[in-house]
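Visitor: Spelled out, the chains give:
Number of protein chains: 2
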Amino acid sequence: MGYRYEIRLGGSGGQGIILMGIVLAEAIGIHEGKSVAQTQSYGPEARGGSSKSEVVISDEEIDYPKAMKPDLLLAMNQKSCDDFYPDLKPDGMLIVDSTFVRQSPTSKAFQIPFTRIAREKLKREMVANIVALGALTQLTPLVSPKAMEAAVLGRVPKGTETLNRDALKAGIRAAKRAMKEWKEVKTDDLDAVSVGG
Amino acid sequence: MGYRYEIRLGGSGGQGIILMGIVLAEAIGIHEGKSVAQTQSYGPEARGGSSKSEVVISDEEIDYPKAMKPDLLLAMNQKSCDDFYPDLKPDGMLIVDSTFVRQSPTSKAFQIPFTRIAREKLKREMVANIVALGALTQLTPLVSPKAMEAAVLGRVPKGTETLNRDALKAGIRAAKRAMKEWKEVKTDDLDAVSVGG
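Protein sequences appear in the order of chains A and B.
Using our numbering, the first residue of the first sequence is number 1, and each one after it goes up by one.
Using our numbering, the first residue of the second sequence is number 1, and each one after it goes up by one.
Hints in this document: simulated from the structure, not taken from any laboratory.
Treat the numbers as computed from the prediction; the structure is a model and nothing was measured.
Heads up, the beta-carbon is just placed ideally off N, CA and C, and yes, glycines get one too.
Please note that a few of the clues may not be correct.
[Claimed, not checked] Simulated pairs of lysine-lysine, DSS-like, Cα-Cα distance not exceeding 25 Å:
no., chain 1, residue 1, chain 2, residue 2
1, A, Lys-158, B, Lys-121
2, B, Lys-158, A, Lys-158
3, B, Lys-69, A, Lys-66
[What the hints assert, rightly or not] Derived list of chain A stretches under chain B, where covered just means 3 residues or more per stretch with a C-beta under 8 Å from a C-beta of chain B:
no., segment
4, 13-25
5, 59-69
[Stated by the list, open to error] A short list of chain A residues far from chain B (calculated; beta carbon distances all over 12 Å):
no., residue
6, Glu-54
7, Ser-107
8, Thr-140
9, Lys-176
10, Met-179
11, Glu-184
Build the full structure now, drawing on both the sequences and the hints.
Guide: Here you go:
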């Protein structure tokens, strides 16, 4: 079996979770030369307003496109964090929007207030998903900032390019800060201390 | 095993195939009370500019979300028609955009010029995908016009609601005409005659 990396994105309806999945898949799949499958599921469980989007990356053709044990979980609200954290691989990466995720199930999560950043720095709460994509670009080696920017600009409405580029940059900056804090905590070996909360 | 219905949408990059898949999945999954999975795959084969989007509908939880033998193939260009027709179930439904699909592999296809309708009647070629969704709404019992309209309006940019509603209606009308022609041909038992070409 070849290389396989699974990402799950979760949040509430209206947070732009599905667009995130598509942009992420396009950034990785089209620009970076890997095989990528992107899936969303709708069903009885989705009717509560939850939204879930998955991206699977491989160096081979992807036969099974659903995430079984995600390597990376991005949770944009508390419910998706609670629902999906148990599926995460033991050494998997958890990124949460700390605007809405008040209780992180692990102190090792990257806790970044994507929605607050979008609201206060970009003056448009709706770009919180693009801020999160910026952070994801910084926190994983899966996709370059250049490929992500191209993918974002290929999917957002005309006239919003500058706003979305700024959102991406704000997310990258916030993730750099979170990484710095995370490393400092790790160095101090204070595992029980919550990071960036 | 329960009920399972598979749809594949294919076309070239820029024809809005992925948006079609998402809108279709949302129309069926959220508004009609079934389980729906929606997938796109990117890989070496996608880099030629082809775009493929799949929707799988079931009355049970969907474990395998990819289409194996589609019940319905919508081909927006010749290449996707040629590539995907061999996978279609023997009694499956083929719908093609006859603006670009000049050679249909079967006379039983619904051949409707979605892009020409978008260009000439709506004056915006980019809504060809919404015209096609209108036709699909008419040609299959999977989704009601009302649910489809709600799903379309939930995904298109603000300010384009009227255009997209008109595109949907134009697609429904075109499909009604195609069904009428198809029935007439069937009645005449002229299987060898191409329909609506």
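Visitor: If I take the minimum Cβ distance from Thr-140 (chain A) to any residue of chain B, is it greater than 12 Å?
Guide: It holds; Thr-140 (chain A) is separated from chain B by about 17 Å at its closest Cβ, greater than 12 Å.
Visitor: Just double-check Lys-176 (chain A) for me: nearest Cβ-Cβ distance to chain B has to come out over 12 Å.
Guide: Holds, since 28 Å exceeds 12 Å.
Visitor: Closest CB-CB distance from Glu-184 (chain A) to chain B, is it above 12 Å?
Guide: The assertion about Glu-184 (chain A) holds, with a minimum of 37 Å to chain B.
Visitor: Taking the closest pair, is the beta carbon of Glu-54 (chain A) still more than 12 Å from chain B?
Guide: 9 Å, violated
Visitor: Holds or violated: are the alpha carbons of Lys-158 (chain B) and Lys-158 (chain A) at most 25 Å from each other?
Guide: 11 Å, holds
Visitor: Find the nearest Cβ of chain B to the Cβ of Met-179 (chain A) and say whether that gap is larger than 12 Å.
Guide: 28 Å, holds
Visitor: In terms of beta carbon proximity below 8 Å, does the segment 59-69 of chain A have 3 or more residues touching chain B?
Guide: holds (count 6)
Visitor: For the pair supplied as a hint, Lys-158 (chain A) and Lys-121 (chain B), is the alpha-carbon distance within the 25 Å limit?
Guide: 23 Å, holds
Visitor: Taking beta carbons only, do three or more residues of the segment 13-25 of chain A come closer than 8 Å to chain B?
Guide: holds (count 3)
Visitor: Quickly compare the C-alpha distance for Lys-69 (chain B) and Lys-66 (chain A) to 25 Å and report which way the hint goes.
Guide: Judged against 25 Å, a Cα distance of about 19 Å means the pair holds.
Visitor: When you look at the beta carbon of Ser-107 (chain A), is every beta carbon of chain B farther off than 12 Å?
Guide: The assertion about Ser-107 (chain A) holds, with a minimum of 33 Å to chain B.
Figure legend: structure checked against the earlier numbered hints; the only hint not met is number 6.
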